[in-house]
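Work the whole structure out from these sequences, hints included.
Number of protein chains: 2
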Amino acid sequence: MREVHEITDSPVQKKTTLYIQLADEMAQAILSGVLRVGEKMPSIRKLSGQRQLSLSTVMEAYRELEDRGLIEARPQSGFYVRQKRNLATPELTAPPKNPSHVFIDPLLTPAALWRINKEISVDFGMAILSPKLFPNQQMQRMLSQVSRQYPDLISDYGESQGDIELRRQISRRSLLWGGQVEADEIIITQGGIEALNLCLRAVTKPGDVVAIESPAYFGLLQILESFKLKALEIPTHPKTGISVEALEFATRNGEVKACVLLPNFSNPLGSLMPDENKQRVVKLLDERNIPLIEDDIYGEFCYQGDRPKPAKVYDKTGNVMLISSFTKIAAPGFRVGWVVAGKWHKQIEQLKFINTYSTPVLLQRTIAKFLETGGYDHHLRRLRKSCAEQVSYAVDAIQRYFPADTRLNVPQGGYVLWVELNSAIDTITLLQDALAEGISFTPGSLFSPSHSYRNCLRVCCVEAWTTKHEKAIERLGQLARMQLPQLALQT
Amino acid sequence: MREVHEITDSPVQKKTTLYIQLADEMAQAILSGVLRVGEKMPSIRKLSGQRQLSLSTVMEAYRELEDRGLIEARPQSGFYVRQKRNLATPELTAPPKNPSHVFIDPLLTPAALWRINKEISVDFGMAILSPKLFPNQQMQRMLSQVSRQYPDLISDYGESQGDIELRRQISRRSLLWGGQVEADEIIITQGGIEALNLCLRAVTKPGDVVAIESPAYFGLLQILESFKLKALEIPTHPKTGISVEALEFATRNGEVKACVLLPNFSNPLGSLMPDENKQRVVKLLDERNIPLIEDDIYGEFCYQGDRPKPAKVYDKTGNVMLISSFTKIAAPGFRVGWVVAGKWHKQIEQLKFINTYSTPVLLQRTIAKFLETGGYDHHLRRLRKSCAEQVSYAVDAIQRYFPADTRLNVPQGGYVLWVELNSAIDTITLLQDALAEGISFTPGSLFSPSHSYRNCLRVCCVEAWTTKHEKAIERLGQLARMQLPQLALQT
Chain A
1 MREVHEITDS PVQKKTTLYI QLADEMAQAI LSGVLRVGEK MPSIRKLSGQ RQLSLSTVME
61 AYRELEDRGL IEARPQSGFY VRQKRNLATP ELTAPPKNPS HVFIDPLLTP AALWRINKEI
121 SVDFGMAILS PKLFPNQQMQ RMLSQVSRQY PDLISDYGES QGDIELRRQI SRRSLLWGGQ
181 VEADEIIITQ GGIEALNLCL RAVTKPGDVV AIESPAYFGL LQILESFKLK ALEIPTHPKT
241 GISVEALEFA TRNGEVKACV LLPNFSNPLG SLMPDENKQR VVKLLDERNI PLIEDDIYGE
301 FCYQGDRPKP AKVYDKTGNV MLISSFTKIA APGFRVGWVV AGKWHKQIEQ LKFINTYSTP
361 VLLQRTIAKF LETGGYDHHL RRLRKSCAEQ VSYAVDAIQR YFPADTRLNV PQGGYVLWVE
421 LNSAIDTITL LQDALAEGIS FTPGSLFSPS HSYRNCLRVC CVEAWTTKHE KAIERLGQLA
481 RMQLPQLALQ T
Chain B
1 MREVHEITDS PVQKKTTLYI QLADEMAQAI LSGVLRVGEK MPSIRKLSGQ RQLSLSTVME
61 AYRELEDRGL IEARPQSGFY VRQKRNLATP ELTAPPKNPS HVFIDPLLTP AALWRINKEI
121 SVDFGMAILS PKLFPNQQMQ RMLSQVSRQY PDLISDYGES QGDIELRRQI SRRSLLWGGQ
181 VEADEIIITQ GGIEALNLCL RAVTKPGDVV AIESPAYFGL LQILESFKLK ALEIPTHPKT
241 GISVEALEFA TRNGEVKACV LLPNFSNPLG SLMPDENKQR VVKLLDERNI PLIEDDIYGE
301 FCYQGDRPKP AKVYDKTGNV MLISSFTKIA APGFRVGWVV AGKWHKQIEQ LKFINTYSTP
361 VLLQRTIAKF LETGGYDHHL RRLRKSCAEQ VSYAVDAIQR YFPADTRLNV PQGGYVLWVE
421 LNSAIDTITL LQDALAEGIS FTPGSLFSPS HSYRNCLRVC CVEAWTTKHE KAIERLGQLA
481 RMQLPQLALQ T
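Going line by line, the protein sequences match chains A and B.
Under the UniProt record's numbering, the first sequence has 286 at position 286, and the numbering climbs by one with no breaks.
Under the UniProt record's numbering, the second sequence has 299 at position 299, and the numbering climbs by one with no breaks.
No lab work stands behind these hints: they were computed from the structure.
Beta carbons: idealized from backbone N, C-alpha and C, even for Gly.
Some hints could be false.
Using 16 Å as the maximum straight-line C-alpha spacing, the simulated EDC-like pairs for lysine to aspartate or glutamate come out as follows [unchecked claim]: (1) K257(B) with D275(B); (2) K346(A) with D105(B); (3) K471(B) with E64(B); (4) K205(A) with D208(B); (5) K205(B) with E225(A).
Per the computed footprint, the stretches of chain A lying under chain B, defined by three or more beta-carbons under 8 Å from a beta-carbon of chain B, are [said to hold, decoys possible]: (6) 190–199; (7) 212–223; (8) 360–368.
Structure, rendered in C-alpha cells:
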C-alpha cells in the first residue's frame, strides 16, 4: 500500500520498500509530463544498472505502475506510458422548473451505507477527509496547554455568540479574503451544519420555497426536508456555478424566500463562481429581498493561488449570511463552525442559544490558539496540496478506466468529483454492484429533490491515493460498462 | 466573604479568620436546632473565656451572625436566636385553559440581563452552577490523558449516535434508577437543549399544541416559539408537579400533539411528581398516542436518599423520550447530553445528524472515563450537598426577609426556588429596581406563554452562600414591600 502524503509518521510509511520508492518517482515523472504518453519506459536492465537496484526490484516497480494504470506492457517490446484520455466536462444542468418537496432516502447516504455494509474497503462516499491529514498531535498539545491554562473553561457554559478570542482570530483572517468582518459580527456554531440549520430557521417557515444549486449537497436537502421547505433547483454549470440568468428568472414572482449557495468549490459539482457572477447574485437577491445563505465550507480548499472570495465580500446591506467551519480544515472532531449573519445577527444568536446554547469554549479557544500561532497556515498549505494530489490521481484514474462517453468536471478546489455517465446507466444499480465488491460512492439522485442525475455519481477523494483506489475506480468503470449491453461485450 | 463549601481549595478559604470559624460553628448550631429560636446566645464574655478567644473576636462573630440574620441584639439584654418564619407553600397553579402562541421577551432572560447590565453583583437569575462547584482540575487531567491516548479523536467526526464508550457508561448507570437502558437506545446530544429541539422537531409541526407544566422553563418556551408551536399550560402543584386530572382533561380531544414534562425537580417550581403520578401520566399519554418528552436534567440533584425515578421507568411502549445531560452535573463547558428516544430513535438519530452531525467525541470519551473511574459519584455527592446547603440558606433568608404573605416552595432537590409574592407586586418592576442595585433574578411572567405569574420570581442558588447573598435577599424583600403602600410605611 502506498501512502502519498501523510502528516503523521506511521510505521508503515517508514517501511516503504525500495520498489515503491522507485514506482513513486516514475509515477511523478509520468504525471508531470517528463515521461510523455506513448513514450517507451527505460528498459528494466538499464534502470537496474543506473540505480544499482536488483532486476526484480525494478520489475516490481513496473508492475506497480502497471497496476496504477500509468504504463502498459507491449509484447516483445517493453513498457510504454499509457494513453490518457480527456473526458468532456458535463454541461449546464437542467433540473425541473417547479419547486418540489424534498424526500431524501436516508439509506443511500454514505453514513448509512457504512453502517449497513460492514465490508466497505474503498469508500468514495464520505466527504470526510482522512484523520491522517490533520495535525492531531499538535492540536492535542495545544488542547492540553489551553486546558491547563484555563481549567475553568471546563465548567464554563460560555456565551452563545462564541469565544471572543476565536472571533478575533476569524476577524483578523477575514482581511485575507477581503472580508473585514468584525469579531462582533461573528457567531460560533456547532460546525457549519448547525449554522445552516439556524440560518434557515431564521428566514423561512414550513412550505416556503428555497432556491438551491442543482445538484446540491444532500445534507442541505435533508435539512430542507426536515423543515418542510420546498426546493427550487436552479440550473448550475460545473465550471461557473449557478446560472445567474436562471436565478433571475426563478426569483421574479416572489415565491422564493431564501437562496442557499456554495459559490466556492460547490459540493458535489466542484463549481467555482466567477467574482462577477457572485457580485450579480448578491445584488439581485438584495434587490428582491431574498436572503442569501452562503456556505463557504470549501472556500479554503483551492489548489493554487489565493483562495477565492466569498460572495459576502460584495454584500453592502447585510443580506448575505456567510457560513464557514474549521471542521473540514483543522479539527473535524471539535465541530467548530461560524456564521456572519448580517441583518439576522440577533436572530441567529438567539437561535444558537436555544438550539445548543453554546459551542464548547475549550475547543474554540484551542482553535484560536492554532490560528494565532501560525501552525494553521502551514497545515492549510499541506492540506491543499494533499487534496489537489488526491483529486488529480482520481481524475487520471477515471479518465483511464471509465467509459469514453463519461463526463467529468476537473475542479480547481475541494475534494469531490462529479461524474456523469452515459444516460443509460443507473448509479443506484451501480452502487449495489459496487457495494457487493466493497466499493462505495454516492449516487447522483441523492443530490436532487427531483431525483434527477440517476446517471451521475459523486466521488470523494479524502485520503492518500493507493493501488486499492486505482483498482476500485477501474472496477467501477467495468461495472458501469456492464450496464451498456453493446459495450459489455468488449470488456 | 464567607465561602460555605468549595471543592477547590482557594487561598481565601485557607485564610478564614477565627471569627468566621466561630460564626460558622454557631450558625450550624442554630440551623441544626441546638440553639433554638428565641433562646439567648451565650454572653460574649463567657464564650470568650470558654474558647480562649479575645472579646473582639467573639463580638465580630456575633456581628457576622447578625449580618446573616440568624441572631438579633436586644437592648440591655444581649443576643437572641432570631425568629424564623415558615412561609406558606404556593397552591396549584391556575393558568388559562386555552393554548396560546408563545412570545418570550428575550431581553428579560438572565443571559440578556447579564449582557445589558454590566454591574450585576448578585445574580439569582442564571440557573448555572458556579464553576467552583466542578472538578475542573480532575477533568482537565482526564481530558489530557484521553487526548494523548486517542489523538485521532481530534480529527474524528464520530458517529451521530455518539461514542459507544459513553453510551455504555450511561447504560450501566441506568440500572441505578431502574432504567435498564441499552447503549444502543441512547443518542448523545449537544447538551439537553439540543435533545429537546430534536424531540420536538421529530413529533410536532408548526401550529401544533404542546402540553407543558405551568410555570415552565423559559428555554423550553423559546424553543416552542421558534418552532411556532402553541403551548397549553397545565395546572401544576409546587410539591407534586403537573395535575394528572387536568392533563387528562386537556388531552381528551386530540388537540395536544406532545407533552413536555420535568417530573423530577422541575424548573422553576422545584416540584417532584410522586411515582404513582408518573405512572398514570405515562399510561394516559400512551393510550392517547401523545409522545411524552421527559426532561430529567435535574433528576440527579436530590438532597437526600436515592435519586427519584424518571417517568421513563414506567414506559412499556417507547412513547417516552427521556432527556438528560452531564452539563449541569459534570462539565458544563463540554455540552454533553443524551436522549433515549424510544419509538423515535431512528428519527432523532437522523435529526442529530442534520442538526449538528455529532458531539465532539473527545469530550464524550472524557466524560465516559470520569463515569468509569468513580470520580463521578464522589463529585455528585458533594454537588448535591452544596446545592442542598445553598438552597437551605436562600430559603432561610427569604423566610426572614420577604413579606409575611410571601409563598415559597421548599424543594427536595435542584437549585431553583419559586417565590410567589403578594398579588399586588409586579416582579418586572421589582427586577428593574433590583438591577439598579446590582441584583438580578428572573421574573415569573417569563415562565408562562400567557405571561401569568407577574407576582412571582425564580431565585437560583448557584454558588456558596455569602453575606452578599443574604443582603441581596434582604434588599429584595425591602423592594417588594415598597410596592405595597400600606406596608411600605412599616419598613
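Quick rundown of the hints versus the structure:
The straight-line distance between the Cα atoms of K257(B) and D275(B) is roughly 24 Å, outside the 16 Å bound, and the hint therefore fails. Distance hint between K346(A) and D105(B) is fulfilled; the C-alpha atoms sit about 13 Å from each other, no more than 16 Å. With a CA separation close to 12 Å, the supplied pair K471(B) and E64(B) stays within the 16 Å bound. The hinted pair formed by K205(A) and D208(B) meets the criterion: a straight-line CA distance of about 14 Å does not exceed 16 Å.
For the suggested pair K205(B) and E225(A), the alpha carbons sit about 12 Å apart, so the restraint of at most 16 Å is met. For the segment 190–199 of chain A, the stated coverage by chain B is satisfied: 5 residues place a CB nearer than 8 Å to a CB of that chain, which reaches the threshold of 3. Counting residues of the segment 212–223 of chain A whose CB lies closer than 8 Å to any CB of chain B gives 3, which reaches the minimum of 3, so the coverage claim holds. Proximity of the segment 360–368 of chain A to chain B, defined as three or more residues with a beta carbon under 8 Å from a beta carbon of that chain, is established by the 4 residues found.
Hint violations for this structure: number 1 only, all remaining hints satisfied.
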